[in-house]
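First to last, the sequence lines map onto chains V and F.
Numbering of the first sequence is given in our numbering, commencing with residue 528 and proceeding in unit increments.
Numbering of the second sequence is given in our numbering, commencing with residue 296 and proceeding in unit increments.
What the hints contain is simulated information worked out from the structure, not anything from laboratory work.
Don't be surprised by glycine CBs; every beta carbon is placed ideally from N, CA and C.
Everything hinted at is true.
Distance windows between CB atoms, simulated:
#1 V:Q587 to F:Y351: 14 to 24 Å
#2 F:E365 to V:L606: 24 to 34 Å
#3 F:G321 to V:Q587: 47 to 57 Å
#4 F:D454 to V:V560: 38 to 48 Å
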Amino acid sequence: MPTFHARVQVSLRPSVLDPAGEATRAAAARLGVDGVRRLRIGKAIELELEAADRATAQSQLELISDRLLANPVIENWTLEISEPAAAEHP
Amino acid sequence: MTVGVLVFPGSNCDRDVRWALQGCLGVSTTFLWHEQRHLDGIDAVVIPGGFSYGDYLRCGAIARFAPVLEAVKAFAAAGGPVLGICNGFQVLTEMGLLPGALTRNAGLHFICEPAELRVSPGACRWLQGYAEGDAIRLPIAHGEGRYQCDPDDLRRLEDNGQVVLRYAANPNGSVGDVAGLSNPAGNVLGLMPHPERACDPATGGVDGRPLLASLLR
Chain V
528 MPTFHARVQV SLRPSVLDPA GEATRAAAAR LGVDGVRRLR IGKAIELELE AADRATAQSQ
588 LELISDRLLA NPVIENWTLE ISEPAAAEHP
Chain F
296 MTVGVLVFPG SNCDRDVRWA LQGCLGVSTT FLWHEQRHLD GIDAVVIPGG FSYGDYLRCG
356 AIARFAPVLE AVKAFAAAGG PVLGICNGFQ VLTEMGLLPG ALTRNAGLHF ICEPAELRVS
416 PGACRWLQGY AEGDAIRLPI AHGEGRYQCD PDDLRRLEDN GQVVLRYAAN PNGSVGDVAG
476 LSNPAGNVLG LMPHPERACD PATGGVDGRP LLASLLR
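From just these sequences and the hints, can you work out the full model?
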């Protein structure tokens, strides 16, 4: 079965306050970089998934992104899937 | 009457809940390990505070998939009393028994102090020992207690009388000063403050007693 590589990016919804991002932005100013106007902290999750085909991989990754990796009440997510590595299709 | 107190890896208020219920109020309790799949002989469930599964990913996000919570979901749907305290409230929102989410405190600090609350019991079966507008004082101890939901949902919760506990002086930036929420039926309550730490006069204050004693009514 091919292995799909995926990267899920989870970010706080724009309407949700990000106090950690604000604190980090303030620290950037203390480092001498005053121009940071916006800084939001999210998560990047990298995973490898075995699935029969790309469509199956896509739907399984969407399921875990929406139901586990992100909480849609406060977070948005995006998903990138890479094709299986060539070595796995000798 | 036997109260089941859930125990996840990382729970740390399970024994406090047992002391409050059994030691202070004489209510029999039993610990329910997270892998258990049934609630046989259990009359009420408490999801205690702590850091279930290390609170990896998000608070309560992994706990939500614990086998015991499938049973708790069915128990709550059948009208069984369910109380989620602190991490337990976070678990209840993650599993969808209560709406919204608990996020990082606006001031970033972990806050450990007494909090003044206003009670609006409404239909909540856990709060029938208090009167509308009662002012009580319960300890809070959390880093991620800022209740978050969108303004329409908040209005709906307020119209339904589900915002049953509010902070008098909002410590964490929660929308609507929300400290505790009930489900529409009133059998499920989630709150960030710790009623179990306010039951024994030896540890300062007994304002949490009527909440847990509601099980005896």
